[in-house]
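Take a look at the letters that make up each chain.
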Amino acid sequence: MNAVSGSCDTTRAGPAETLASWARNNSWSLGLIAFLAVLLVFTRMIQPTYGVAGVQGLAISVLPLALAAVAQAIVIIAGGIDLSIGSMMALTSAVSAVWMQGRSEEFAVLVVIGVLLLGLALGFINGLVIVATKVPDIVVTLAMLFVWAGAALLVLRTPGGASADWLSEVIRGPVGKESLLEWIPKAALVLLVVVGVVWIPIRRSRLGLSLYAIGSNQLAAFRSGVSVGRTKVVAYMLTGLFSAMAGLSLTASTGSGAPVPGPYTLLSVAAVVLGGVSLAGGRGGVLGPIIGVVILSLLRTDMTFMRWDPNYASVAQGSILVGVVMAGTLIQRRQMRTRS
Amino acid sequence: MSQSSSMRATRSQWLTIAGWRAIFRDAPVVPLVILFGVLVLTFDIVRPGIVTANWAGVMVRAAIPLAILAASQTLTMLTGGIDLSVAAVASMTGFLTATLVGSLGIWPAVAIATGCAALAGLLTGIGVGIFRVHPLIMTLGMSLVVSGLANAWQVLRVQTGAGVPIELRWLGSGTFLQVMPNSLVVFVPVAALILVGLRVTGYGRLLYAVGDNPTAARLSGVRSWPVLIVLYMLSAVLAGIAGFLYAGHTNTASVALVDTFLLPSVAAAVIGGTSILGGRGGYGGTIVGALILQVTISLLSSLGYPEAVRQILFGSVIVLVAAAYTRVTTET
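From first to last, the protein sequence lines are chains A and B.
Residue numbering for the first sequence follows the working numbering, beginning at 1 and increasing consecutively.
Residue numbering for the second sequence follows the working numbering, beginning at 1 and increasing consecutively.
Among the hints, a few may not be true.
Some chain B residues flagged as far from chain A (calculated, every beta-carbon gap over 10 Å) [stated by the list, open to error]:
| id | residue |
| --- | --- |
| 1 | Ile106 |
| 2 | Ala152 |
| 3 | Gly221 |
| 4 | Val237 |
| 5 | Gly315 |
Derived coverage of chain B by chain A (criterion: at least 3 residues anywhere in the stretch with Cβ under 8 Å from a Cβ of chain A; other residues may be distant) [to be verified]:
| id | stretch |
| --- | --- |
| 6 | 55-67 |
| 7 | 266-274 |
| 8 | 296-308 |
Here are the computed distance ranges between Cβ atoms for each label pair [as the list claims (entries may be wrong)]:
| id | chain 1 | residue 1 | chain 2 | residue 2 | range |
| --- | --- | --- | --- | --- | --- |
| 9 | A | Ala37 | B | Val309 | 47 to 53 Å |
| 10 | B | Thr42 | A | Gly255 | 42 to 48 Å |
| 11 | B | Arg25 | A | Leu36 | 49 to 55 Å |
Hints were generated in silico from the structure; no laboratory data involved.
This one's a predicted model, so the numbers in the text were calculated from it and none came from an experiment.
The beta-carbon is built from N, C-alpha and C at its ideal position, and this holds for glycine as well.
Taking the hints into account, I'd like the entire structure generated from these sequences.
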C-alpha cells in the first residue's frame, strides 16, 4: 500500500522531489557506488600505476559475471532462483565457438542471433519444467545444471573453437583515444547497452510490473489478474537470454569456447544479494548486482596489489556477503519496527 | 472443496493407485528400494555376472561418504534450509588432518579438524538462527570463507608436505571379511543416531516442527535459534566426518577434494524424498538415494556412455523423481 501511494505522489511532484525519491528508492545502489568509489581511490593509493589499463582489464574480466548477475537478478526478482546459469553459459559459449570456427565474419552475426535464441529456448525449458511439475525452482535448476553441462560437453569436449574478430573487438579496448573516452572501456558500454535495450523497456512495461508482482506475492498477483505461470516462464527466458550473452562474452574475451562451467552460478547469487535484491523476491534491480560484481572483483585485485595471499580475497568476499546481508536484515527490522 | 471430493472419488475408483500413492507419500523408502532393485537388476542383465558381493562392497564403499554428506543436506532441508558449505568443510577437514598428522599424531589432528568444522558450523548457525540470514547465503558465504582459509593454510604449509594418514586410508578404502568396507564402522553408528534421533528424540521433532511451519512452532513456544545453531554445528561435523572418509577413500589431500560432490549431496536428499521446502522427509530415503546415485553413475559408465550423456541422464533422473514426489504429495 505504501509503495502505491508513494508512486502516485511522485507523478505530481517537481523534479527535485522526483530526484529525492529516486535517491530514496535506490539508496542501496547509491551506497554501493560510494563504496566502489572509495575502493577505487584506495586502489589508486596502494598502486599509483593503476590507471587506464587496470580499468580496461577489470571491465573485460568482469563482463561475463556481470551479465550472469543480471540474469540471476531478474529471476530472483520474480521469486525464483536459477542454479543452471553457469551451465547455460558453458553451453552457449561452446555452441557459439563451434559455429564460428572457420566461418566468415558475416556468418558470425547469424551465430550471435542463433545463440541468443538458444539462450531463450534453454530458459523456456527451465521455466516450463518448473511451472509444469510444480517442483521447487532450486531443485529443477539444480537438475538442469547437470543437463546443460552435459550438453555443453557433447558440443565441445575440450576448450576450443574460435571467436569472430569483430565480436572480440566489440568488448576489447577503450571507447575512444581522447583523454576522457580512453577511460571508458568498451565492455562497460556493451553492458550498459544490452541492459538498456533489453531490461529497461521490460521493466517499464506491464510485463516488468508482473515480474515484480509474482516475486513479491504470487497469490496477490494471481488475484490481480497476472498469469503467474506465463510470467514465470518469461522470467526464466530472460535469464536464459542474459546467460547466453554471458556465454558469448566468455567466447569473445578468451577467443575460444569454455565447455566446463565456471564458478559463475554461486558468485552470481552472491553479487545479486550484495546488490540489494531480496532473495524472497519482488525487490531490487539490476544496477546493484552489476556494481556488486565490480566490487567483488576489485577486492581481489586490491589483495594482490597489497601482496596478500589472494586466497584471503575469497575469505573477504564471503565475510562481506554475510556481513552485508546481516546489516540489511537489521536495517529492515528497524524500519519495520519504527513503521509499526 | 471440489478438488478434495473428486480426489475421494478417484480414490475409491482406483484403490490400487491410491494405495500406491499413500505408500509413496508416507514411506518413500519402499518405492525407492524397489527402484534400487530394478537398477541392480538392469545392471545384471546389461552386464551379466557383474553383480557380485565384491561389486556390492565397492558400491557401498563409494556411496557411504556421499550418504554422510547428504545427511547434512537432509537435516538442514528438514528445517527449510540448505547447507552449501558441506563441500568446503569436508575438503578442509581431510586436508587439515593430512597436514597436521605429521607433527601432532592422528588423534589430535582429527580432533582439531573436527573442532574447526564445528566452529564453522557454529558461526553459520549464529548467522541463520540469530541474525536470520537466509541459509543459502549464509552457507555460501561460509563456504567461501572456509575454502579461502584452507587455501591460505595450504600456501603456509607448502614445505611440510601432506599425506593422508594410514588410519584414514584404512577407514576409507579398507575392507573386512573380504567385501565389507571399513567405513561401515563410522557409517552405521552415524546413520543409526540420525534415524533414531529424528524419530524419537524431542530435538528430531523440533527440526520437523521448525521446518513445517515456523510460525506455528514459534507460537507453540519453540525457540528456533538454539535448534538452528545446534543443527548447523551438527551438519558441519557430519560434513567433516565425510571429509575424513573422502580423503581416505581417494588417498588424496586436496583443498578442493569434495567440491564436485556438493550438488550430488543435495540430489541424494531430494531423490530420497526430503522436501527442500522443509518439514517432510527422513534419512532412510537419503541413504537409498545415495546408493541409487552411485549405482546409476556406475551403470552409465560401464555402458560406455561419455561423461556428457551421464550428466544429462543424471539431471533428468533428479527432475523425474522430484516431479513424482511433488505429484503425490500436493494432490492430497
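Do the hints match the structure? See the list:
1. Ile106: 27 Å, holds
2. Ala152: 4 Å, violated
3. Gly221: 22 Å, holds
4. Val237: Nearest chain A Cβ is 20 Å from valine 237/B, so the label holds.
5. Gly315: 3 Å, violated
6. 55-67: violated (count 0)
7. 266-274: Answer holds; 3 residues pass the 8 Å Cβ test.
8. 296-308: Coverage by chain A holds for the stretch 296-308 of chain B (3 residues, Cβ < 8 Å).
9. Ala37/A <-> Val309/B: 47 to 53 Å: 50 Å, holds
10. Thr42/B <-> Gly255/A: 42 to 48 Å: 44 Å, holds
11. Arg25/B <-> Leu36/A: 49 to 55 Å: At roughly 51 Å between Cβ atoms, leucine 36/A and arginine 25/B fall inside 49 to 55 Å, so the hint holds.
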